[in-house]
Amino acid sequence: GQQVMQIPQYQHVQEGEDFTTYCNSSTTLSNIQWYKQRPGGHPVFLIQLVKSGEVKKQKRLTFQFGEAKKNSSLHITATQTTDVGTYFCNAGGTSYGKLTFGQGTILTVHP
Amino acid sequence: DAGVIQSPRHEVTEMGQEVTLRCKPISGHNSLFWYRQTMMRGLELLIYFNNNVPIDDSGMPEDRFSAKMPNASFSTLKIQPSEPRDSAVYFCASSSGGTLPYTFGSGTRLTVV
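If you read the sequences in order, they're chains A and B.
What the first sequence shows, in our numbering, is residues 1 to 111, in sequence order.
What the second sequence shows, in our numbering, is residues 1 to 113, in sequence order.
For the record, the hints were derived by calculation from the structure and aren't laboratory data.
Do not take every clue at face value.
[To be verified] List of simulated lysine to aspartate or glutamate pairs, DMTMM-like, C-alpha gap at most 25 Å: (1) A:K70 with B:E18; (2) A:K70 with B:D56; (3) B:K68 with B:E44; (4) A:K98 with B:E62; (5) A:K70 with A:E54; (6) A:K98 with B:D56; (7) A:K36 with A:E15; (8) A:K51 with A:E17; (9) A:K98 with A:E67; (10) B:K68 with B:D56; (11) A:K98 with B:D63; (12) B:K78 with B:E62; (13) A:K70 with A:E15; (14) B:K78 with B:E11; (15) A:K36 with A:E67; (16) A:K98 with B:E18; (17) A:K36 with B:D63; (18) A:K59 with A:E17; (19) B:K24 with B:D63; (20) A:K36 with A:D18; (21) B:K68 with B:E18; (22) A:K59 with A:D83; (23) B:K24 with B:D56; (24) A:K98 with B:E44.
[Unchecked claim] One-sided and incomplete, this derived list gives chain A residues near chain B with beta-carbon spacing under 7 Å: (25) T28; (26) H42; (27) F45; (28) S52; (29) G92; (30) K98; (31) L99; (32) F101.
Just so you know, even glycine gets a beta-carbon here, dropped at the ideal spot from N, CA and C.
Isolated chain B (complex conformation) (with noise of 0.2 Å):
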């Protein structure tokens, strides 16, 4: 297994451009998550969806922040306008369940000038 995918591994944008990130989970697993990684904030949960339906958005910043999962292969965060406080490491996980063992994507390092 390739493991969960995360694309791009690199974005640099200017302020109020849209940012798309991309993720393809483990085939089979039916949870998935998006996390934001800051030194300041270290690991925070955006948003988790069991068999593709968002259960948990509280974690959304804002309404800048959208994340849609249109089948089980498949995920999209988007940011729109972006700003330089979203610059951040962006993780995607995905497990065979919400409480079961977690594997992360490689991340998106977003860079927003």
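Isolated chain A, as found in the complex (with noise of 0.2 Å):
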């Protein structure tokens, strides 16, 4: 089945200083979604991408879509405590019918 690989698997921060995560495919993607995951809480959706060289924003948000689908980033801005979590992408070809979970980065932020 559909395979996407997420890195880097932990990242600390200082408040302030900015944090991304990345999601690789060896296949082309039809889609890709991320999510964002408090502790001790579920899986919040965020945004999708569907578009070749796709950029996206929410705030300090910025998410791409690289242009051979193959590959996507989240990119948070000058982090604060509230960033805490951990970010899933979601992904998937055409001939899967269902999208596959990244392992997830977990974000830790220090004040």
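Take the two lone chains, each set in its own frame, and fit them into one complex as the hints suggest.
See the structure below:
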């Protein structure tokens, strides 16, 4: 089945520093979604990307879909303690009919 | 909309007992997913239903696990008999299609002692 690799597994930053997590696939993706899970909570949908080279922004968060539609990134500018949590990508190809979650990146923000 | 509703929120049971987890998806969503989350294995897809029909159950660990979706508004995940290694958080999610955004329930934290 579809496999997506997400890196890094962990990221520790000081408040105010930037953060980026990457999601990579060996095959072309039809779309990719990003989710955030707060400690003790459940994954919450952030955004979906479907077009090659697409870039979307939500306040301090920037989401990109690669030109080849094989990778994606989530970048947070000037992290805050409220950004703490695990960020997951969820991606798939058209032949699979469903998506596969990456392993997640656990973000810790030190005040 | 109340979102995806799961019950119970917490379940503690003894090894060998039967456990039933319940999920009510968002009205109008035709895809339903059961996930298991542990620190070691992350988010694992157990089974995926589309229009109440199981489409992919390749993630179900073994015969002790079974899932049903008798109608569009209800699904169950049953473990019989339960084992300590089944301890995890079990999430139900629904969407308007297999590749459209998922809405997760708050999860059931299962502890098997």
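Now the hints, each set against the structure:
1. Between the alpha carbons of K70 (chain A) and E18 (chain B) the distance comes to roughly 42 Å, so the proposed pair goes past 25 Å and is violated.
2. About 24 Å separates the Cα atoms of K70 (chain A) and D56 (chain B), which keeps this hinted pair within 25 Å; it holds.
3. Simply put, K68 (chain B) and E44 (chain B) have alpha-carbon atoms about 18 Å apart, close enough for the 25 Å limit, and the pair holds.
4. Among the hinted pairs, K98 (chain A) with E62 (chain B) is consistent with the structure: their alpha-carbon atoms are about 22 Å apart, no more than 25 Å.
5. For the given pair, K70 (chain A) sits about 12 Å from E54 (chain A) by alpha-carbon distance, which is consistent with the 25 Å threshold.
6. With a C-alpha separation of about 9 Å, the suggested pairing of K98 (chain A) with D56 (chain B) holds against the 25 Å cut-off.
7. The straight-line distance between the Cα atoms of K36 (chain A) and E15 (chain A) is roughly 18 Å, inside the 25 Å bound, and the hint therefore holds.
8. As the CA atoms of K51 (chain A) and E17 (chain A) are separated by approximately 29 Å, the hinted pair breaks the 25 Å bound.
9. Taken as a hint, the K98 (chain A) and E67 (chain A) pair is honoured in the structure, with Cα atoms around 22 Å apart against an allowance of 25 Å.
10. Simply put, K68 (chain B) and D56 (chain B) have alpha-carbon atoms about 13 Å apart, close enough for the 25 Å limit, and the pair holds.
11. For the proposed pair K98 (chain A) and D63 (chain B), the alpha carbon gap of about 23 Å is at most 25 Å, so the pair holds.
12. Between K78 (chain B) and E62 (chain B), the direct Cα distance comes to roughly 12 Å. Compliance with the 25 Å bound is thereby established for this hinted pair.
13. Among the hinted pairs, K70 (chain A) with E15 (chain A) is inconsistent with the structure: their alpha-carbon atoms are about 31 Å apart, more than 25 Å.
14. Between K78 (chain B) and E11 (chain B) the CA atoms are separated by roughly 13 Å; this keeps the pair inside 25 Å, and the hint holds.
15. For the given pair, K36 (chain A) sits about 24 Å from E67 (chain A) by alpha-carbon distance, which is consistent with the 25 Å threshold.
16. Proximity of K98 (chain A) to E18 (chain B) is assessed by CA-CA distance (about 30 Å); at most 25 Å being required, the pair is judged violated.
17. Between the alpha carbons of K36 (chain A) and D63 (chain B) the distance comes to roughly 32 Å, so the proposed pair goes past 25 Å and is violated.
18. A hinted pair counts as satisfied when its Cα atoms are at most 25 Å apart, and K59 (chain A) with E17 (chain A) qualifies at roughly 15 Å.
19. Between K24 (chain B) and D63 (chain B) the CA atoms are separated by roughly 24 Å; this keeps the pair inside 25 Å, and the hint holds.
20. The straight-line distance between the Cα atoms of K36 (chain A) and D18 (chain A) is roughly 17 Å, inside the 25 Å bound, and the hint therefore holds.
21. Only pairs whose Cα atoms come within 25 Å are accepted, and K68 (chain B) paired with E18 (chain B) is accepted, the gap being roughly 15 Å.
22. For the given pair, K59 (chain A) sits about 12 Å from D83 (chain A) by alpha-carbon distance, which is consistent with the 25 Å threshold.
23. The straight-line distance between the Cα atoms of K24 (chain B) and D56 (chain B) is roughly 19 Å, inside the 25 Å bound, and the hint therefore holds.
24. With a CA separation close to 13 Å, the supplied pair K98 (chain A) and E44 (chain B) stays within the 25 Å bound.
25. A least Cβ separation of about 14 Å between T28 (chain A) and chain B goes past the 7 Å threshold, and the interface hint is therefore violated.
26. For H42 (chain A), the interface hint holds, since its Cβ comes within 7 Å of a Cβ in chain B; the closest pair sits about 4 Å apart.
27. Checking F45 (chain A) against chain B by beta carbon gives a least distance of about 4 Å; that is within 7 Å, so the hint holds.
28. This hint is violated: S52 (chain A) has a C-beta 16 Å from the nearest C-beta of chain B, more than the 7 Å allowed.
29. The restraint placing G92 (chain A) at the interface with chain B holds, with a minimum CB-CB distance near 6 Å, inside the 7 Å limit.
30. For the restraint placing K98 (chain A) at the interface with chain B, the shortest Cβ-Cβ distance is roughly 4 Å, inside the 7 Å limit, so the hint holds.
31. Checking L99 (chain A) against chain B by beta carbon gives a least distance of about 6 Å; that is within 7 Å, so the hint holds.
32. Taking 7 Å as the C-beta contact cut-off toward chain B, the hint placing F101 (chain A) at the interface holds, the least distance being around 5 Å.
Of the numbered hints stated above, those contradicted by the structure are hints 1, 8, 13, 16, 17, 25, 28, listed in ascending order.
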